[in-house]
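Since chain A is already given, all that's left is putting chain B on it; use the hints.
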Amino acid sequence: MRVGQRAQRGVLIAALVLCSIGLAACGRTDPSDAIRVAWTIDPSPPLVGEPIVALLSLHDSNQKPITGARLRLEGVMSHPGMAPVTAAVVERGEGVYEAALRFTMGGDWILVVSGTLPDGMAFKKQIEINGVRQIHSA
Amino acid sequence: MNILRVPVVGSFLRWRHARPALQLLLLLIALVIVLHGLFGPQLAPRNLATVLTSIHWRGFLIVAIVAVGNLFCTACPMVLARDMSRRIVHPALRWPRWLRGKWLGLALLVLVLFSYELFDLWSQPRATAWLVLGYFGLAIVIDSIFKGASFCKHLCPIGQFNFAASTMSPTELRIIERETCRTCRTSDCIKGNAQQRGCELGLFLPMKVGNLDCTMCLDCVHACPHDNIALATRTPGAELLERGRRSGLGRLSQRGDLAALAVVFTFAALVSAFAMTSPAYVLEQRLATAIGARAEWPVLAVIFLGGLVIAPALLLSGAGTMTRLFAESRRTLRATVLAYAYALIPVGLGIWVAHYGFHLLTGALTIVPVVQSATVDAFGHALLGGPFWGWVGLQPGSVFPVQLGCVLLGAAGSMAMVQAISERDQPSQPMLASAPWLVVILLLTTTALWILSQPMEMRAVRFLG
Numbered sequence: 001m002r003v004g005q006r007a008q009r010g011v012l013i014a015a016l017v018l019c020s021i022g023l024a025a026c027g028r029t030d031p032s033d034a035i036r037v038a039w040t041i042d043p044s045p046p047l048v049g050e051p052i053v054a055l056l057s058l059h060d061s062n063q064k065p066i067t068g069a070r071l072r073l074e075g076v077m078s079h080p081g082m083a084p085v086t087a088a089v090v091e092r093g094e095g096v097y098e099a100a101l102r103f104t105m106g107g108d109w110i111l112v113v114s115g116t117l118p119d120g121m122a123f124k125k126q127i128e129i130n131g132v133r134q135i136h137s138a
Numbered sequence: 001m002n003i004l005r006v007p008v009v010g011s012f013l014r015w016r017h018a019r020p021a022l023q024l025l026l027l028l029i030a031l032v033i034v035l036h037g038l039f040g041p042q043l044a045p046r047n048l049a050t051v052l053t054s055i056h057w058r059g060f061l062i063v064a065i066v067a068v069g070n071l072f073c074t075a076c077p078m079v080l081a082r083d084m085s086r087r088i089v090h091p092a093l094r095w096p097r098w099l100r101g102k103w104l105g106l107a108l109l110v111l112v113l114f115s116y117e118l119f120d121l122w123s124q125p126r127a128t129a130w131l132v133l134g135y136f137g138l139a140i141v142i143d144s145i146f147k148g149a150s151f152c153k154h155l156c157p158i159g160q161f162n163f164a165a166s167t168m169s170p171t172e173l174r175i176i177e178r179e180t181c182r183t184c185r186t187s188d189c190i191k192g193n194a195q196q197r198g199c200e201l202g203l204f205l206p207m208k209v210g211n212l213d214c215t216m217c218l219d220c221v222h223a224c225p226h227d228n229i230a231l232a233t234r235t236p237g238a239e240l241l242e243r244g245r246r247s248g249l250g251r252l253s254q255r256g257d258l259a260a261l262a263v264v265f266t267f268a269a270l271v272s273a274f275a276m277t278s279p280a281y282v283l284e285q286r287l288a289t290a291i292g293a294r295a296e297w298p299v300l301a302v303i304f305l306g307g308l309v310i311a312p313a314l315l316l317s318g319a320g321t322m323t324r325l326f327a328e329s330r331r332t333l334r335a336t337v338l339a340y341a342y343a344l345i346p347v348g349l350g351i352w353v354a355h356y357g358f359h360l361l362t363g364a365l366t367i368v369p370v371v372q373s374a375t376v377d378a379f380g381h382a383l384l385g386g387p388f389w390g391w392v393g394l395q396p397g398s399v400f401p402v403q404l405g406c407v408l409l410g411a412a413g414s415m416a417m418v419q420a421i422s423e424r425d426q427p428s429q430p431m432l433a434s435a436p437w438l439v440v441i442l443l444l445t446t447t448a449l450w451i452l453s454q455p456m457e458m459r460a461v462r463f464l465g
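Each protein sequence line maps, in turn, to chains A and B.
Heads up: the first sequence begins at 1 in our numbering, then just goes up one per residue.
Heads up: the second sequence begins at 1 in our numbering, then just goes up one per residue.
Isolated chain A, as found in the complex (with noise of 0.2 Å):
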C-alpha cells in the first residue's frame, strides 16, 4: 500500500514538472511570423535524387526585401526517422535566397528555414513540398 501511494506521489510530480516544462515551451512567441517569405521550388515537383533549387524571398511587414540575413535550410520528412538533408543557404540579392540540395527519399517533405536577420532577430519558417516522386513514378 505504502509502495503504490509513493508510486502515485511520483508520477503525479512527475507529471506536473513534465506539465511545467511543455507549457513553458509552449508559451513562446515567434517574432518571425511578421516576415513574409514567398518560395519557389524548380523542378516542380521535384523528384528523388535529382538536383533542386530553392529560392526564397524575404520581406518585413513594409514589403521591404530582407538583405543580409544569414539562413540556413533542413530538409526533413514529415515520417519521423528518416535522414534529415542540409544546404547551404546563398543570398542573391533583393531579399532573394538559394538553397541547392537533392531530396532522398519519396514522399511529403518539410524545408525548415532558419537562421538570424541582419538586426539580430532570429528567424524559422517551415515550407512543405508534398510528393517528392521517384523518377520512375512521375
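The reader is advised that the hints may include incorrect statements.
To spell it out: a stretch of chain A is covered by chain B in this simulated footprint if at least three of its residues, at any positions, have a beta carbon under 8 Å from a beta carbon of chain B; those stretches are [what the hints assert, rightly or not]:
{"no.": "1", "region": "73-83"}
{"no.": "2", "region": "99-112"}
SDA-like, lysine to any residue: derived pairs with alpha carbons at most 25 Å apart [as the list claims (entries may be wrong)]:
{"no.": "3", "chain 1": "A", "residue 1": "LYS124", "chain 2": "B", "residue 2": "PHE204"}
{"no.": "4", "chain 1": "A", "residue 1": "LYS64", "chain 2": "A", "residue 2": "VAL89"}
{"no.": "5", "chain 1": "A", "residue 1": "LYS125", "chain 2": "B", "residue 2": "GLN372"}
{"no.": "6", "chain 1": "A", "residue 1": "LYS124", "chain 2": "B", "residue 2": "ILE367"}
{"no.": "7", "chain 1": "A", "residue 1": "LYS125", "chain 2": "B", "residue 2": "PRO41"}
{"no.": "8", "chain 1": "A", "residue 1": "LYS125", "chain 2": "B", "residue 2": "VAL376"}
{"no.": "9", "chain 1": "A", "residue 1": "LYS124", "chain 2": "B", "residue 2": "PHE379"}
{"no.": "10", "chain 1": "A", "residue 1": "LYS125", "chain 2": "B", "residue 2": "PHE204"}
{"no.": "11", "chain 1": "A", "residue 1": "LYS124", "chain 2": "B", "residue 2": "VAL392"}
{"no.": "12", "chain 1": "A", "residue 1": "LYS124", "chain 2": "B", "residue 2": "LEU38"}
{"no.": "13", "chain 1": "A", "residue 1": "LYS125", "chain 2": "B", "residue 2": "HIS381"}
{"no.": "14", "chain 1": "B", "residue 1": "LYS147", "chain 2": "B", "residue 2": "PHE204"}
{"no.": "15", "chain 1": "A", "residue 1": "LYS124", "chain 2": "B", "residue 2": "LYS147"}
{"no.": "16", "chain 1": "A", "residue 1": "LYS125", "chain 2": "B", "residue 2": "ASP120"}
{"no.": "17", "chain 1": "A", "residue 1": "LYS124", "chain 2": "B", "residue 2": "TRP389"}
Bear in mind the hints are in silico, worked out from the structure with no lab data behind them.
Backbone N, C-alpha and C define an ideal beta-carbon position, used for all residues, glycine too.
Same frame as chain A, now just chain B:
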C-alpha cells in the same frame, strides 16, 4: 529452461513489484509522449510523440516478442493506470457473454491501422498524443465498469496484435509439475488469494497452452503457493499445433474469431507495409479516379477491404477447397480453413518484423537529437549538447538483407507449420494437402518481398491537392 531461475533476471521477475516498476517506466514515457505531442513542436521528426511511437515503441515491441515474449503487455502502463483507478471505482459487472471473443478487438485493430493511414498519424504529434490519451481513457473506463482484464482480453487492439505475435515467442508461462497442480486445492493461479490476485484473463495454469491471451503479467507466478510456475523456453509456434482444449480459449479449431485474428494479422502486415511505398500512391490515385472519390477514406476503405477481407477470403477458401479435393477429405471447408489459418502467423510476423525493424534500424538514433532539442525547448540551454540532427541510423539500403531474412524465416516457419498440420489432419495425403497452402505462403512471401523492395514514399496523401 526456467527463466525465473536465472540469476538477476529471474530474481527481478520474481520480485513482486517487478511489473509495477516496468509499468511505471512506460507510464513516464507515455506521459512524455503526451506532453511533447500536445505542447512540443508539431514537426513529426522533431517530436517525441511521433518518434517514440512510430520508431521505437513499434520496433522494440515486435523485437521483444520475437526475442523474449509479450513484454510490452507485461509493462503496459494502461493496466497500471486502471489499477490506480480501481482503488476508487470498483467494477461490478462481468463482460457481457455476447461480446466475448476477439471480434470486437479485431475490429478495433483494423480501425487503428485504418486510422493510422487515413489521418497520417506518423506525421501528427498532437493526434498521436490524443490517441495515447484515448487508449488510457478507454482502458480505465472499460475496466472501471467490468471485472477482470476485460479491456486486455476483449478490446485492446494492441493486445490482440501481441497475442497473435507472441504465439511465435520463445518463452511461455506454464506449470512445472502437473502432479503439484493435481493435488492443489486452492487454485490461487486463477482465483488469487489475500495477497495476490489470480489471472485476470481467466487462464487456469494447469490447462493453459501457449501465449494466446497471456499478458505475461506474472500474477500467476506470484499467486502460486507451490512455486510451480515457470517462464519456460519453448519452440516458437508449436502451440498453434495443439488441438486440445485450452483454458480461457477452448479449441483453436472451433474459434473462428482467433483464426480471423491470425489472418488479419498476416494480411495487415502486407497492407501496412504496402501503404508506405510508391506504388500504393499510384494505386490510390487510380482507385480514386475509378470510383470517383474526392476524399481518401473511400479509397483506403477499398484497399483495406480488398487486402484484409476479399483477398484472404478468396485465397483461403481456394486453398481449403483444393486441400479437400487433393486429400479427399471429409472435413468441411470451414474446418479446413480454420485448421490452416494459424499457419500464416509466422510469415505475417516475419513481415511485421521486417517493416517495423526497418524503421527501428534506420531511425533508432533519432531519439538522441529529439531529446536534446526537447531539453533546449524546456530549459533554454543545451544541457545534453547538440542537437545532433545527423544521428539517424542505418542506411535504408543496408537493412534490406535483414528484412529479406525476416520474411524468408517467417515463410519457412509457415511452411513447416502447414506440413505439420497436414500430417496431423490429413495423414493419408499430407504432401498433396499441403500444396495449396504452400502456394498461398509463396504468394504472400513474394508479395512481401516485392513490397519491401519498392522505393518508400512517406507521404500524407493530400487528396486532389
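- prompt: Are the Cα positions of LYS125/A and PHE204/B separated by 25 Å at most?
  reply: violated, 59 Å
Proposed proximity, HIS381/B with LYS125/A (alpha carbon, max 25 Å): Distance ~21 Å between LYS125/A and HIS381/B Cα, so the pair holds.
query: Does LEU38/B lie within 25 Å of LYS124/A when you go C-alpha to C-alpha?
result: At roughly 20 Å apart (the allowed maximum being 25 Å), LEU38/B and LYS124/A satisfy the hint.
message: Next pair to validate is LYS125/A with VAL376/B; report whether the Cα-Cα distance is within 25 Å.
response: Roughly 18 Å between the alpha carbons, so the hint for LYS125/A and VAL376/B holds.
message: Can you confirm whether the C-alpha distance between LYS125/A and GLN372/B stays at or below 25 Å?
response: Holds, because 20 Å separates the two Cα atoms, which is no more than 25 Å.
task: Could you grab the alpha-carbon distance between LYS124/A and VAL392/B and see if it respects the 25 Å cut-off?
output: holds, 23 Å
query: Is the straight-line distance between the alpha-carbon of LYS64/A and that of VAL89/A 25 Å or less?
result: Holds, because 20 Å separates the two Cα atoms, which is no more than 25 Å.
message: Hinted pair, alpha-carbon criterion (25 Å max): LYS124/A, TRP389/B. Please report holds or violated.
response: Distance of about 16 Å is within 25 Å: holds.
query: Is LYS124/A close enough to ILE367/B, meaning Cα to Cα at most 25 Å?
result: holds, 22 Å
- request: Take the C-alpha atoms of LYS124/A and PHE379/B, compute the straight-line distance between them, and say whether it is at most 25 Å.
  value: holds, 19 Å
- prompt: Okay, the region 99-112 of chain A and chain B, do three or more residues pass the C-beta test at under 8 Å?
  reply: Held - the region 99-112 of chain A has 6 residues with a Cβ nearer than 8 Å to chain B, which meets the minimum of three.
- prompt: Under the criterion that the straight-line Cα-Cα distance not exceed 25 Å, is the pair LYS124/A, LYS147/B satisfied?
  reply: Violated, at roughly 52 Å.
Violation of the numbered hints given earlier is confined to hints 3, 10, 15; the remaining hints are satisfied by the structure.
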